Amino acid sequence: MHEIIQPDGWAKPIGYSNGISARGRIVQVGGQIGWDEQCLFHSDDFVDQVRQTLTNIVSVLKAADAKPEHLIQMTWYFTDREAYRSRMKEIGAVYREIIGRHFPPMAAVQVVALMEDRAKIEIQALAVVPD
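Using our numbering, you'd call the opening residue of the sequence shown number 526 and step up by one each time.
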């Protein structure tokens, strides 16, 4: 499977990893947002949109015969850093419910806006399905 990379002497990261090594078939998941498969938003709540976004990622992975544990990178873009920071505990619970206890390298970036006006979060992901 994949190998988590943790340099000697570094503090253990919480909720992500510093690096990962993988070999296999690459699956790129384009930026997913908090709407459903029909492009409809059901909530403007930040955590609800995180839940839907992660669910969308898992759906794309499944369509490619991949699983959440195959993820090797995620980039989170959100419009409100404080909404992210103040609700990290809830976000973590949703993440573990949908993705599990697999924490690939991640980046989290606040942006001015996303392409869809109601979108509060967009996540792009990369997976490698082992040979």
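If you are wondering where the hints come from, they were derived from the structure by calculation, not from laboratory data. Check the hints yourself; a few may be wrong.
Said to hold, decoys possible - Calculated lysine-lysine pairs in the DSBU-like style (CA-CA distance at most 30 Å, straight line): (1) K614 / K592; (2) K537 / K592; (3) K614 / K537; (4) K587 / K614.
Model, not experiment: these values are computed from the prediction.
(request) Would you mind confirming whether the straight-line C-alpha gap from K614 to K537 stays at or under 30 Å? (result) This hinted pair holds, its Cα atoms lying about 18 Å apart.
(request) Sort out whether K614 lies within 30 Å of K587, counting only the CA atoms. (result) 27 Å, holds
(message) Hinted pair, alpha-carbon criterion (30 Å max): K537, K592. Please report holds or violated.
(response) Given that 30 Å is the threshold and the Cα spacing comes to 24 Å, the pair holds.
(message) Check the hint pairing K614 with K592 against an upper bound of 30 Å on the C-alpha distance.
(response) Roughly 24 Å separates the two Cα atoms, so the pair holds.
Going down the numbered hints, you'll see the structure goes against none, and every one checks out.
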